[in-house]
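Enquirer: Keeping their order, the protein sequence lines are chains A and B.
Going by my numbering, the final residue of the first sequence carries number 323, and the count climbs one at a time with no gaps.
Going by my numbering, the final residue of the second sequence carries number 1109, and the count climbs one at a time with no gaps.
Source of the hints: derived by calculation from the structure; they are not laboratory data.
Nothing here was measured: the structure is a model prediction, and the numbers come from that model.
Hints should not be assumed to be uniformly reliable.
[Said to hold, decoys possible] Which chain B residues stay away from chain A? Per the calculated CB distances, all over 12 Å, these:
id : residue
1  : R789
2  : D821
3  : D888
4  : G985
[Unchecked claim] Stretch-level coverage of chain A by chain B, calculated; a stretch enters the list once three of its residues show a Cβ under 8 Å from a Cβ in chain B:
id : segment
5  : 72-78
6  : 198-207
[Said to hold, decoys possible] Just a sample of chain A residues kept apart from chain B, beta carbon distances all over 12 Å, derived:
id : residue
7  : N37
8  : L83
9  : M137
10 : Q210
Using N, Cα and C, we set each Cβ at its ideal position, and we do this for glycine too.
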Amino acid sequence: MSAPPGRPSLGSGWIGLRFTRDRGGAPSRRGPRGNDERWAFLFIAPMVLGLAFLSAGPILATLGISLTSWDLLRAPELVGLDNYARLVDDKRFLMALRNTTFYTAVSVPVGLALSLGLALALNQAIRGISWIRTMYFLPLVTSAIAVGLVWAWIYSPTSGLLNQLLGALGVPAQKWITDPFWAMPSIIAMSIWQGLPANTIIFLAGLQAIPGDYYDAASVDGAGRGGRFRHVTLPLLTPSLFFTGILSLIGSFQVFDQVFVLSRPGRPTDATITMVYFIYENGFRNFKMGYASAASWVLFMIVAVLMFAYFSSQRRWVHYQ
Amino acid sequence: MLTTSQARRWRGLAALAAATALLAGACGSTTPTTTPAASTPAGQSAEPGTSEPAASGGYTGPPVTIEYAIWGDPAEINSQKAVVEGFTAANPTITVDVTVADWDSYWDKLQTGLAGGAAPDVFAMDGPLGPDYQTRDVLLDLTPYIEAEGYDLGQLDDNAVKDFTTRDGVVFGLPRDLNVIALFYNRDMFDAAGIAYPDDTWTWEKLVEVGKQLTRDTDGDGTIDQWGLYTETTDMENAWSSFVWQAGGDILTEDGATSALDRPESAAGIQFLQDLIWKEKVVPDPAIFAETGDAFEQGVAAMEINGSWLVPTHEAAGIKLGIAPLPAGPAGKATSVNPTGAVVYANTDAPEASWLLARYLASPEAQEKIMALKASVPVNKEILATSYPASFDGAQVFADSLAFAHLKPAFVGYNEFATILQTELDENVFNAPNKTAADAIASVNEELNGILAGGQ
Chain A
3 MSAPPGRPSL GSGWIGLRFT RDRGGAPSRR GPRGNDERWA FLFIAPMVLG LAFLSAGPIL
63 ATLGISLTSW DLLRAPELVG LDNYARLVDD KRFLMALRNT TFYTAVSVPV GLALSLGLAL
123 ALNQAIRGIS WIRTMYFLPL VTSAIAVGLV WAWIYSPTSG LLNQLLGALG VPAQKWITDP
183 FWAMPSIIAM SIWQGLPANT IIFLAGLQAI PGDYYDAASV DGAGRGGRFR HVTLPLLTPS
243 LFFTGILSLI GSFQVFDQVF VLSRPGRPTD ATITMVYFIY ENGFRNFKMG YASAASWVLF
303 MIVAVLMFAY FSSQRRWVHY Q
Chain B
654 MLTTSQARRW RGLAALAAAT ALLAGACGST TPTTTPAAST PAGQSAEPGT SEPAASGGYT
714 GPPVTIEYAI WGDPAEINSQ KAVVEGFTAA NPTITVDVTV ADWDSYWDKL QTGLAGGAAP
774 DVFAMDGPLG PDYQTRDVLL DLTPYIEAEG YDLGQLDDNA VKDFTTRDGV VFGLPRDLNV
834 IALFYNRDMF DAAGIAYPDD TWTWEKLVEV GKQLTRDTDG DGTIDQWGLY TETTDMENAW
894 SSFVWQAGGD ILTEDGATSA LDRPESAAGI QFLQDLIWKE KVVPDPAIFA ETGDAFEQGV
954 AAMEINGSWL VPTHEAAGIK LGIAPLPAGP AGKATSVNPT GAVVYANTDA PEASWLLARY
1014 LASPEAQEKI MALKASVPVN KEILATSYPA SFDGAQVFAD SLAFAHLKPA FVGYNEFATI
1074 LQTELDENVF NAPNKTAADA IASVNEELNG ILAGGQ
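Extracted from the complex, chain A is given alone in its bound form (with noise of 0.2 Å):
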């Protein structure tokens, strides 16, 4: 966070020897290459050896579990694909889908966007500045559960902060999280300002990676301050972008928590179901694991095809160092 402008820190150089490898390119790193991979791989061994021996089998269990009619009490009973075709016709399976798109495809964007303008404001060499950055780190370390419940009194629609406030502007109260049109996008609010400060991190990083010599030399060659932003430090944050990009776009496919915590009492409306919640709510309150299981792989299969797109289309705009 606070590496000194021009110094390649973690952010950059992570991704750059994560993902310059799939396009072949050559990587910018220092000292021979071979001693860097088993670093690399050392690095990542917890990770992978955890998701190999933990989520490996689970996973590939559900595939299984998938085709079968199975209340996870008694012997799974082999049904074959109706899971997926009783999803098809099924109201709430769909509206979670929906409900699940609309806040990736608002959430995603959004929360990029702002987190790289904050990234941006806060890479500024003033004073105190480390005291600011921590401010805007705080959701990060924040339980999602005191998130939820401090949300949940800014959407009140009585006492609520957020009525309070649009009150004085002269605009009528709303019933946010009831009210079925605010309810998602309340909730996306709630979610962008979570997932805030880790894309910050990422874009700070990023920022701070760019070597000072390249706006040098910008400015010698007449670019303004847009000019630098667009020539120089765009082109050389999409790594970073591309980064975030990922785990924005997997993570609001999965999101749950701030819908389990705005719901209650009671539980999401149709306006407010998302596909994760769709998936614990059959699994482990309605006794169908089989059809909680086909679910998550529908689910799986809509991240994965997103994901090899997103991939695919990493060379035509992410440029690396």
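Fit chain B to the given chain A structure using the hints.
Expert: Chain B alone, transformed into the frame defined by chain A:
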């Protein structure tokens, strides 16, 4: 059901971390958490007949530790431990490990524990959810113990016993306490308005009339700041199922095979709640208190229709609490009763000790202790008839209400049924009057019948 009580709401939030963790590891762990097998000698037989206790029943097996899991506030663990103390005093070779989880994580933990073969030996069961467990081979059939001892189920509330007995007469667990719905009122507000307290002569009309008198804009700023009546709309138990029965309707048909909500009387009951909110405007829009909790507890509603579990909460809030029976509807008096019971895990290592704990919890001694917590109505008829009615001001009302109480419906697929139904009602009937109750029911009734058919 306690799920929807405001008191439980904030506790539910703590479930989040656990719930997400469970999602991630749902298919994994079979690590035993409690009751290590080592504590039960391998040679001990699980056959109830072989370690036959005397009729009045001291424990005769080897020393064991059993886990007794309940849902509730972490603070409740001490009162529940106190209830169990009498049991361990009488059976010194049994150690009871009481564990508590909030409502949401309780069920997540229980299901993963059952699936992984490491469930608590004895655990609390909510009446409506019972059939979903009874039909899945995870509960111990207590009938052999009951027959061997000649245990008289007739000493427990008949409705409550029903929820823990299958149609074929198999007994899975014993009821522990009852949740009964009544009308709470704030004596101070009635006194200030010079209105007589609610009593057993009240009808729907009277409720609306007094509700209107007590719904006020006390500071004249154009918004209501004292409501006549408050209730919760997100579960049938808090209010609307009682209205359905008071109107002469029902939730299910007599054979339990189909929804009875499409009867005009049933719709009329749900319609009454919508009217209280949107037509008579004596109950606040559910959105207003969705985030901030119980309006009655906060002292901004003069009456509340809700369950016995709120008595300690309201008293702690300093409300001068009065309790009256629910007003009569067009078809007379009715209320809702929902038992909580103790069931035994089918694969427990200590079936005899577990049975004895379930039996103890329904005994007069334990019932007196449960009663003293004021949060629920005892299930033991002897205690109900003798010490309970005078145990606090209003207890008599709960005891008397049992005479016209309907059992909250319990059937396979209950949660799915409730989710489909309640999502529609919340969105289109209670949170906003987009549809009449009859229209809303018409839009989901076929789906509800499908769920009932699937569970048969």
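Enquirer: If a hint holds in the structure, say so; if it does not, say that too.
Expert: Structure-based check of all given hints:
1. Non-interface status of R789 (chain B) relative to chain A is broken: a Cβ of that chain comes within 12 Å, the nearest being about 4 Å off.
2. The Cβ of D821 (chain B) sits about 18 Å from the closest Cβ of chain A, beyond the 12 Å cut-off, so the non-interface label holds.
3. Residue placement check: D888 (chain B) does not keep its beta carbon more than 12 Å from all beta carbons of chain A (closest about 8 Å).
4. With a minimum CB-CB distance of about 30 Å to chain A, G985 (chain B) clears the 12 Å threshold, and the non-interface call stands.
5. Counting residues of the segment 72-78 of chain A whose beta carbon lies closer than 8 Å to any beta carbon of chain B gives 4, which meets the minimum of three for the stated coverage.
6. Counting residues of the segment 198-207 of chain A whose C-beta sits closer than 8 Å to any C-beta of chain B gives 0, which falls short of three, so the coverage hint is violated.
7. Remark: the non-interface label on N37 (chain A) is consistent with the geometry, its nearest Cβ contact in chain B lying 35 Å away (cut-off 12 Å).
8. Separation of L83 (chain A) from chain B is adequate, the least Cβ-Cβ distance of about 19 Å exceeding the 12 Å criterion.
9. At the 12 Å boundary, the C-beta of M137 (chain A) stays outside the reach of chain B, the nearest C-beta of that chain being 25 Å off.
10. Listed as outside the interface, Q210 (chain A) is consistent with that label: its C-beta sits roughly 33 Å from the nearest C-beta of chain B, beyond the 12 Å cut-off.
The structure is inconsistent with the numbered hints 1, 3 and 6, although it conforms to all the rest.
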